[in-house]
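J.: Sequence:
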Amino acid sequence: MARGVAELFMAVCRAEVMALKPGNVHVHAAGHGMTVADFLLSADVAAPEIARPGAGVGERILRAARATRAAVNCNTNLGILLLTAPLARAAETPPARPLRDRLCTVLAELSVEDAEAAYEAIRLAAPGGLGRAAEHDVAGPATVDLRTAMAAARSRDRIAAQYADGYRDVFEVGVACAQALAGTDPVPVAEAVYLEFLTAFPDSHVLRKQGESAAAAVMAEARELRRQLAAEKSDAVRHDHLFAFDARLKWQGINPGTSADLTVASLFAHWLEEREQAAEG
Numbered sequence: 000m001a002r003g004v005a006e007l008f009m010a011v012c013r014a015e016v017m018a019l020k021p022g023n024v025h026v027h028a029a030g031h032g033m034t035v036a037d038f039l040l041s042a043d044v045a046a047p048e049i050a051r052p053g054a055g056v057g058e059r060i061l062r063a064a065r066a067t068r069a070a071v072n073c074n075t076n077l078g079i080l081l082l083t084a085p086l087a088r089a090a091e092t093p094p095a096r097p098l099r100d101r102l103c104t105v106l107a108e109l110s111v112e113d114a115e116a117a118y119e120a121i122r123l124a125a126p127g128g129l130g131r132a133a134e135h136d137v138a139g140p141a142t143v144d145l146r147t148a149m150a151a152a153r154s155r156d157r158i159a160a161q162y163a164d165g166y167r168d169v170f171e172v173g174v175a176c177a178q179a180l181a182g183t184d185p186v187p188v189a190e191a192v193y194l195e196f197l198t199a200f201p202d203s204h205v206l207r208k209q210g211e212s213a214a215a216a217v218m219a220e221a222r223e224l225r226r227q228l229a230a231e232k233s234d235a236v237r238h239d240h241l242f243a244f245d246a247r248l249k250w251q252g253i254n255p256g257t258s259a260d261l262t263v264a265s266l267f268a269h270w271l272e273e274r275e276q277a278a279e280g
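Mapping of the sequence shown onto numbering that gives the first Met the number 0: position 122 corresponds to residue 121, and the numbering continues sequentially without gaps.
Hints were generated in silico from the structure; no laboratory data involved.
Treat the hints with care, as some may be off.
Quick list of simulated restraints, FRET-style, between CB atoms [unchecked claim]:
1. Thr-34 with Pro-187: 15 to 25 Å
2. Asp-234 with Val-143: 44 to 54 Å
3. Leu-40 with Ala-229: 16 to 26 Å
Glycine included, every Cβ here is placed at the ideal spot set by N, Cα and C.
Using the sequences plus the hints, can you model the full thing?
T.: Next comes the structure, spelled out in structure tokens:
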């Protein structure tokens with residue numbers, strides 16, 4: 000079971016980095032001081048920790064963050080770790096109920112110890128634009144369970160909102176998009192899911208680093224891009240549209256990292272569900 004979860008985690012991370020995700024790092028263009036090799040190595044070293052049998056959510060996050068820092072010495076995957084650790088823990092539980100229901104149980108059982116471990120992982124990763132919080136600041140000790148701490152940050156961080164809302168965006172936006180494209184090659188699925196998030200709401204990483212107007216502009220441009228892609232039959236021209244938007248965002252130093260993290264979590268959840276369905280049938 001653990002090996003299967005680790006392999007799925009690595010496969011999802013590889014598919015995501017192969018996808019042409021405007022503004023984010025991918026095989027078509029590096030960016031933001033990071034390379035594709037950094038992301039692939041990060042996935043390899045984090046996978047066994049995210050899938051560690053019997054480990055709590057906080058322990059998975061912290062061990063994976065430490066392994067990542069030791070391997071690449073930069074923050075390549077904090078959001079991915081925060082989102083996938085609860086999913087991996089839920090996947091360990093008997094599949095008598097849907098994965099999303101079991102995930103909600105995992106989230107409800109999160110502890111102060113989980114929060115302390117996650118705080119340490121966040122401090123270690125030192126994500127850009129983090130700033131200080133009025134309550135439950137990660138610079139200090141944890142005083143509430145991890146879900147409560149995340150709920151306090153939900154208005155400014157879409158990853159935190161997943162903990163508070165039972166991964167609503169992951170399942171209702173990302174997984175739904177992936178399911179609609181079932182049977183398609185994973186890379187275009189990753190591109191489609193990423194664009195779905197980029198057009199659904201302002202990216203919270205862009206919000207933190209560049210502000211509301213920049214985040215709104217990125218979302219508006221992404222919606223226009225999606226309209227262009229839907230009207231275009233040529234894969235080559237579609238690629239050109241994506242690549243042009245990618246170049247503009249990177250030239251401006253804009254990285255919609257939350258949309259990329261949500262894409263990984265959505266594909267991970269989708270593939271975990273597919274694996275369970277295959278085992279049943």
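J.: For every hint, state whether the structure bears it out.
T.: Hints, one by one, checked against the model:
no.: 1; hint: Thr-34 with Pro-187: 15 to 25 Å; in the structure: holds, 23 Å
no.: 2; hint: Asp-234 with Val-143: 44 to 54 Å; in the structure: holds, 49 Å
no.: 3; hint: Leu-40 with Ala-229: 16 to 26 Å; in the structure: violated, 36 Å
Violated hint for the displayed structure: number 3, the only one.
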